[in-house]
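Student: What follows is the residue order along each chain.
There are 2 protein chains.
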Amino acid sequence: MFFDAHLDLLKAAAEANRTRAAWTGYAPITPPDVEQADAFVGAYDGATLQLSSSTRTVITADEVSPYTGKALDVGYSAPSADEALAGAAGAAAALRDAGIESRVGVCLEALHRIHRRGDEFAAATSHTTGQSLGMACSGSGTNALDRGLEAVAMAWAAMNRVPESVEWQQTFGRSEVKLRKRFRPRPLGTALVVACASFPAWNAYPAILANLATGNPVLVKPHPRSVLATALAVGVIREVLTEAGLPADSVQLVVDTTDDPVAARLATDPAVRIVDFTGSPTFGTWLERNVQDALVFTETAGVNTVILDSVGDLSATMRTLAGGLSLFSGQMCTTPQNIYIPDGGVRTDAGVVSRDEVVAALTSAIEDIATAPRRAAAVCGALQSDATLQSIDALADRAEADGTLIRRAAPYEHPDHPQARVVTPLLIRVDPRRGDALPAGEQFGPVAFVIDCADRESAVEHATATIRSHGAISSYLYSTDDAAVDAVADAYADAGASLSVNLVSSMPMQYAAAYSDYHVTGLNPAGNATLTDESFVAGRFRMVQDRRQVEA
Amino acid sequence: MFFDAHLDLLKAAAEANRTRAAWTGYAPITPPDVEQADAFVGAYDGATLQLSSSTRTVITADEVSPYTGKALDVGYSAPSADEALAGAAGAAAALRDAGIESRVGVCLEALHRIHRRGDEFAAATSHTTGQSLGMACSGSGTNALDRGLEAVAMAWAAMNRVPESVEWQQTFGRSEVKLRKRFRPRPLGTALVVACASFPAWNAYPAILANLATGNPVLVKPHPRSVLATALAVGVIREVLTEAGLPADSVQLVVDTTDDPVAARLATDPAVRIVDFTGSPTFGTWLERNVQDALVFTETAGVNTVILDSVGDLSATMRTLAGGLSLFSGQMCTTPQNIYIPDGGVRTDAGVVSRDEVVAALTSAIEDIATAPRRAAAVCGALQSDATLQSIDALADRAEADGTLIRRAAPYEHPDHPQARVVTPLLIRVDPRRGDALPAGEQFGPVAFVIDCADRESAVEHATATIRSHGAISSYLYSTDDAAVDAVADAYADAGASLSVNLVSSMPMQYAAAYSDYHVTGLNPAGNATLTDESFVAGRFRMVQDRRQVEA
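Residue numbers (the numbering used here), protein chains in the order written: chain W, 967 to 1518; chain C, 967 to 1518.
So that you can see chain W by itself, here it is in the shape it has in the complex:
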């Protein structure tokens, strides 16, 4: 029933995956106002969300709003690893036997209902992750729903490429042998999806739904300090599963604490056959190395580079770049970090601009955002974690001592939440040629390093070496020289990185479009899971066949 209701949407998504042209399955979500958002989240104050039937244990998660500083005080059912695995095992047969259309229908209906409650989900997202309400409606709203739909459509298309049956006939010796063959897709087994604290929906929806569509029971483990939005999504899926006559425990929420984490225990259990992880490179690498004989999909982090070679309009470019550094306070895996400026400066339509002037223009563009409270709030949101604030401050102190500090990550004035944990970009300027320290790997949060370099070629060389060592998720180039763009795109491709060129517009530079932009190449250390290529879905199901002789 759900399948038929959403079939046109599904077909359109599959077609968008094929053409990779611009498309969306979901109308924009109108953000709630501040009071509505507070009310949405306040409605869960003191509540217990029972999102696994397999336990009576409840954990009140350590969730504190980055905006109000107030504890959310929501309890969640918290199955032990054994309980969660038993619950998944109990749901497996019914989910498997439900068939493709029933399961895909559940996925589509769940996306539809999450969309309908988009403002409530945005409120929960904002008060756990620190995203602004606007971003929570887009990045964690429609864009996340689109990435979820994209993965469902990819899984559906992959399963559909195998015929259900065939009459097979061949001559052996002097006789014709005719076999009737059936091909049935079967799930691999229990799946674990580990979501990150600051941007849980965008990566978790595709993993959860690709697993469900292909018939694998899912354990969803959010970050212990950012649970509510994920819990609401799991709640919607469980509700739809139940209406479809399928076990609610086909999806369970597994909540743990920072003192007693459960992800490693679950990921290494032989009963877990699929692991999807979004989070730190440290744990991602640990999973890639320690999970045996299960599919492991990781999206961690890398060093996202920007090479400034030549531009048309410097101010417009700096506005885009300042927006990119500021957006959600740099807490996105696509945020630019290392910005290369050649010794000769940047060529523009108005002549060559020196490096000092470029840095001044960038700083000024950041100040424009930082000093406009409503705009700053909409762009920067808040920091999810105190630890990020501390690491930014430590970086700034060190840079000040080194003489490399350009701009501290000063807070902006949040117009609605004076207590909000807010910052604006920290800017540090280094020259590796004179031995300035450049941190290895990603610095989480709004931290950018302006890197002095000899010229474009040396920037490419340094940047691609960084990518080979530490990975990259998004990379950026500004150059008006088409031949140079081709050469740099090749060099990045050879390092296993994609490249965005000359983005100067109202589109956030780190925007990755579902159905079109492949997110994470799998060819550098930033992770091995691509949203959404065929390798993201192909192994989640396998084929069993039977063949019966009907004539010989």
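Don't read these hints as lab results, they were simulated from the structure.
A virtual CB, placed ideally from N, CA and C, is assigned to each residue, including glycine.
Hints should not be assumed to be uniformly reliable.
Said to hold, decoys possible - Partial selection, computed: residues in chain C whose CB lies under 10 Å from chain W: (1) L973; (2) R984; (3) T990; (4) R1140; (5) R1508; (6) R1514.
Since the structure of chain W is provided, determine the placement of chain C on it from the hints.
Tutor: Just chain C, lined up with the frame of chain W:
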């Protein structure tokens, strides 16, 4: 050039993959006669095959013909792990940049040339693996070529499903943003293919060619006692690569010795990103557990069960089953091993036949093959390894002591090679209910256990438990009750196993058809690599993209 020449063939193969109907890309190969075969192999006596440019080391492999007992005395270039990896790294960029059609063309032309030299390849296969010349022309000839073509077509289709570019346009705020995006498939990295001793081509061709088609340099490591046929194939591919202007070292042969094996060293090197292994469950499991952050494809072994419930013509059924047990002396991963017969006997069109009579009919059908030397030679071939002969003898001695022996694995008289290492099936009859020993896992070679069981249901229960513990590659049922067939197919599917039903014909029961039969489900312990589903090709390449703003 090669691509265009074979494009029709490629398209037909892709279409066969889609419909899964019967199709072959290669005309039957006429087996050489015994003298021709000797001459083909003799031509390499004392020769050195240089199949890697990266070393001067040569190993004379320990290859002894199972038919003549004579050493082949062929030398092969034997790069160290470091040399082989350096050679692959040196070839990587050119292979990657050659593009899809150039690489796919090389694969297709290589298959074509191997086919043209089919009789010579059959001779080399026969005198290393023990396959009869007829089987070497089919199972290791056309069938292996078809499985190779199948994998190439799957890889080609997968890469083709991604468009090369798109103009992407979307509104942000009040402005239209237009991006020109390119999508380029890129190889994952150096690949290792480890082939088995008795049936190297059928599994290695798909892995080698799927890697090459997607741009990954390949190290091919045959079993140290079964090198020549694989070496000839590598030689053909290198020759075609060179003609296509690509580095010959895109494929290298890596030869080692049983005393100083190199596979584990290579498989765990961080530079190796893909491992394909066919061989023992022990090493396959070791690879699955110890290879970190690389794709691992395994095909090992399982316990292939046969349930005899009801048949039309018992004699015809027993002829098919005797043929299945005898074919290539049970040295195929699809050979039946555990045969269940219910206490009530087997229902036939001529009434119920008791278990003793069924066993007698099977034994008699085996004797029919064993006592007809030409037929026995064509069906059974020879044992690749002395170790197999020893383990069969040990099993027979134990069974004799236990009182469970039905039939010893007596040699047949080979009409052409009196020295050949030949046997016929060993039959042992056990009743697990009275505590008879039944070995865990596969017994390599022509070893069958007739298992007394209460009824069909208990047979299914016992068989599927075995599959869950030890895996299965092919499973068989004989039942004239359609409802029972459906139920048993479901039970096997739930255990992650495919099922062949009522095969009674001149088609060998263990025949698995390229383009149609999925080989290895990946859902039980017999391996994780399916010939050929999308998961076999999807991860071997990933996408890099670049996107350039063309208007805003």
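Student: The structure should be examined with respect to each hint, and the outcome stated for every one.
Tutor: Each hint, compared with the structure:
{"no.": "1", "hint": "L973", "result": "21 Å, violated"}
{"no.": "2", "hint": "R984", "result": "7 Å, holds"}
{"no.": "3", "hint": "T990", "result": "8 Å, holds"}
{"no.": "4", "hint": "R1140", "result": "7 Å, holds"}
{"no.": "5", "hint": "R1508", "result": "4 Å, holds"}
{"no.": "6", "hint": "R1514", "result": "4 Å, holds"}
Hint 1 from the earlier list is the only one contradicted by this structure; the remaining hints agree with it.
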